[in-house]
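K.L.:
Read top to bottom, the protein sequences are chains A and B.
Numbering of the first sequence is given in the working numbering, commencing with residue 128 and proceeding in unit increments.
Numbering of the second sequence is given in the working numbering, commencing with residue 1251 and proceeding in unit increments.
Do not rely on the hints blindly, as some may be mistaken.
Mimicking EDC-like on lysine to aspartate or glutamate, the simulated pairs with C-alpha atoms at most 20 Å apart in a straight line are [to be verified]:
#1 B/Lys-1298 with A/Glu-257
#2 B/Lys-1298 with A/Glu-141
#3 B/Lys-1284 with B/Asp-1274
#4 A/Lys-186 with A/Glu-141
#5 B/Lys-1298 with A/Glu-250
#6 B/Lys-1284 with B/Glu-1254
#7 A/Lys-186 with B/Asp-1327
#8 B/Lys-1281 with B/Glu-1311
#9 A/Lys-295 with A/Asp-175
#10 A/Lys-145 with B/Glu-1328
#11 A/Lys-145 with A/Glu-156
#12 B/Lys-1298 with B/Glu-1280
#13 B/Lys-1298 with B/Asp-1274
#14 B/Lys-1298 with A/Glu-156
#15 B/Lys-1284 with A/Asp-244
#16 A/Lys-186 with A/Glu-156
#17 A/Lys-186 with A/Glu-150
#18 B/Lys-1298 with A/Asp-251
#19 A/Lys-145 with B/Glu-1325
#20 A/Lys-186 with B/Glu-1280
#21 B/Lys-1281 with B/Glu-1261
#22 B/Lys-1298 with A/Asp-263
#23 B/Lys-1281 with B/Asp-1268
#24 B/Lys-1298 with B/Glu-1261
#25 B/Lys-1284 with B/Glu-1261
#26 A/Lys-295 with A/Glu-193
#27 A/Lys-186 with A/Asp-147
#28 B/Lys-1284 with B/Glu-1265
#29 B/Lys-1298 with A/Glu-252
Quick partial rundown of chain B residues pointing at chain A, CB under 10 Å, derived from the structure [unchecked claim]:
#30 Arg-1258
#31 Leu-1275
#32 Cys-1276
#33 Leu-1296
#34 Gln-1304
#35 Ala-1307
#36 Arg-1319
#37 Leu-1324
Read the hints as simulated data drawn from the structure, not as lab findings.
The C-beta atom is built at its ideal place from N, Cα and C for all residues, glycine as well.
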Amino acid sequence: MNKPHTPSSEISLELLRKRDRAEFARLVEAYSGMVYRLAIKLLADAQDAEDVLQETFIKAYHHLPEFDGRAQVSTWLYRIATNEALMLLRRRKHPVLSIDEPSEEDTQGTQPVHIVDWCCLPEDELMSSEARAYLDQAVAQLTPNLRAVFLLRDVEGLSTRQTAEVLKLSETAVKTRLSRARLQLREALSAYYAERMPDRLPREEGAA
Amino acid sequence: MERESCQRLLESLSEYIDGALREDLCQELEKHMKECENCRIVVDTLRKTIYLYQVNAPLTEMPSSVRRRLYHRLELDEFLDDA
């Protein structure tokens, strides 16, 4: 799992609340990489990701006095960043879509169709630059609801509880969405990697 | 994945992979996978899918120009070289 780059000594909340500039700089240094990664994967756009990154730390700075330290700093920053990114996505594509309502799209494509065992492909094939671009593309195809849960849980390595906290969802909803996201991604990756299997034709419709 | 038992287990796969599935369901699933090649493949490829995203994550790095502009926007330019 990917932990944020942690500074050599703990960041002092007390100093942060007093708006200590040097301490704030340490916070930015420690957590900007993970915020940027989440933003770019959520938005699939470098400029939007940069905007979200900047907005996240501006908001964090303004709200520092209210941060009570009950949640981890990383969880708190993920929450601000995710909200910013989802707001941007909503403005961009779905002006009236609520992120709390499971949409019909969420449940599509979870049914396994590609049953090909591509696990044995060599690592350099699985991780080629083309394959990596495809991984990003597959995530971008998920609905924002599913994408956010998947990125927080499986890419950023948050627990179910932390993810629920960030997204203000129940843990059950996190699990359901995670399951759908993973199955949809498995499907997408299977379609991609099956074509790269040396001597086996992909079997469709998974008849037993 | 046409059989009813495959269908029913599909919803449990994600939790199974996380090691968070109830013991009795785990056993049921493992027993089923011994007999059902398709389900075994779905579990293996699902696990591999997650693995690939995890190993790829650290490869996404913030460009230094983005970092510079962030520090500038936050009026933290003086701290840029410290880190």
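K.L.:
Looking at the structure, which of the earlier hints fail to hold?
P.N.:
Structure breaks hints 2, 8, 9, 13, 14, 20, 30, 31, 32.
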